[in-house]
Amino acid sequence: MTDALQVELVAADRVVWSGGATMVIARTVDGDVGVLRGHAPVLSALTEAVVEITPEEGTEVIATVDGGFLSVANDRVSILSEHVLLAHEIDLSQAEVELEEARRLLGTNNDAEKRIRRAEARIRAVEKAS
Amino acid sequence: MAVSVRELRARIKSTESMKKITRAMELIAASRIIKAQQRANAAAPYARELTRAVSAVATWSNVDHPLTTEPEAPTRAAVLVVTSDRGLAGSYSSSVLKEAEGLVEKLKAEGKEVDLYVTGRKAEAFYKFRGRSVAQAWTGFSDRPEYDAAKEIGQKLIEVFVEGTEAETAAAPGVDEVHVVYTRFITMMTQKPTAVRLLPLEVVEGTEAPAEGDVLPLYEFEPSAEAVLDSLLPQYVVSRIWFALLQAAASELAQRQKAMKSATDNADELIKKFTRVANQARQAGITQEISEIVGGVNALADAQAAND
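Same order as they appear, the protein sequences are chains A and B.
According to our numbering, the first sequence holds residues 178 to 307 in order.
According to our numbering, the second sequence holds residues 8 to 315 in order.
Taking lysine-lysine pairs in the DSSO-like style, the calculated list, with each CA pair at most 30 angstroms apart, reads: (1) A:Lys291 to B:Lys158; (2) B:Lys115 to B:Lys135; (3) A:Lys291 to B:Lys163.
I should point out that these hints are in silico values taken from the structure, not numbers from a laboratory.
Here the structure is a predicted model, which means the values were calculated and not measured.
Please model the entire structure based on the sequences and the hints provided.
Written out as structure tokens, the structure reads:
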């Protein structure tokens with residue numbers, strides 16, 4: 178217990194994943210951060226992107242978050258986001274359709290950029306997981 | 008005998024089928040309530056972590072954010088009333104509405120104008136019937152709310168609140184405070200209509216007092232404390248609304264179950280009573296027939312005896 182990060186990946190309506198991990202990679206608004214044991218306490222805003230968790234055992238957990246937060250303190254990592262999808266929950270074709278649609282709206286709709294980022298993150302997550 | 012046996016039989020039959028319906032509704036509510044409670048529990052970690060994060064920021068930076076600033080002279084308030092879409096839940100909606108009315112009266116006495124925001128068709132109908140305007144209504148999700156619904160409501164309320172703090176000259180008058188009236192789920196038997204002030208936020212410094220030697224860590228903020236707060240607080244607000252919706256949903260189902268249970272019990276009682284009355288009427292009819300026959304036979308016998 179003591180030599181692992183305690184990770185909680187939490188969506189608004191459920192705990193998506195929790196357990197011990199050796200490494201967490203997430204993307205904040207300033208760029209990617211990797212968290213290992215003994216990381217300084219940090220609280221940062223995330224962007225729509227892929228989160229990778231390397232658990233102590235088993236295969237890598239790959240998920241997408243829609244914004245939210247990463248908080249690290251005393252080897253406890255919590256990732257909070259309104260929507261979290263694990264790679265196997267993502268519908269690839271739907272994400273592709275969404276990406277197309279968002280690209281068309283680019284420039285006309287303020288949300289378009291966000292939607293593109295979200296769809297791209299989903300596609301990337303599926304690719305990484307496979 | 009005012010009511011004939013046939014009519015009584017029809018009444019028993021209709022009461023029986025009504026009982027079947029209320030019984031089914033009771034069972035449905037009972038099964039859904041477990042799900043609603045599970046959902047409320049599943050949402051708890053998010054709220055907990057978010058509260059931790061907010062209190063961490065609040066302790067380590069000088070919070071000065073539009074969402075936490077108390078307006079100097081509040082003149083306008085928004086009240087979000089959370090009720091159900093459907094009836095047959097006992098006094099569920101009416102007690103929330105009563106609580107809301109009390110709050111509105113209080114706010115008016117303090118010299119504030121009140122904008123109503125409602126969820127659930129019951130509240131919509133209530134205010135429409137009384138000819139009072141509702142700023143916005145959201146309906147169609149009262150017994151199983153989705154997070155996106157909470158988000159939509161939250162964004163709208165934050166929007167009107169920020170308008171209120173920014174400029175008095177804004178086209179649409181914004182509000183200076185936001186209240187929520189919902190039903191808190193305490194136990195299966197007790198649900199309590201509750202009014203809370205949502206905005207401006209009172210930052211709760213650590214809901215659970217820090218344990219011995221557990222000092223809040225010295226966080227670094229990325230990109231900056233203000234930016235983190237900027238995106239943290241709206242999510243916090245939405246999460247509070249989400250919490251209110253989930254609690255309201257569980258309460259609604261609990262009250263529906265209770266109401267339907269007593270309806271079923273009442274139906275049982277009625278059936279028992281009607282059956283008794285029907286039996287009595289049937290017996291009276293038989294007795295009358297017998298005495299008519301006996302009377303007729305006697306009359307015939309008397310006539311014959313007179314002839315002989």
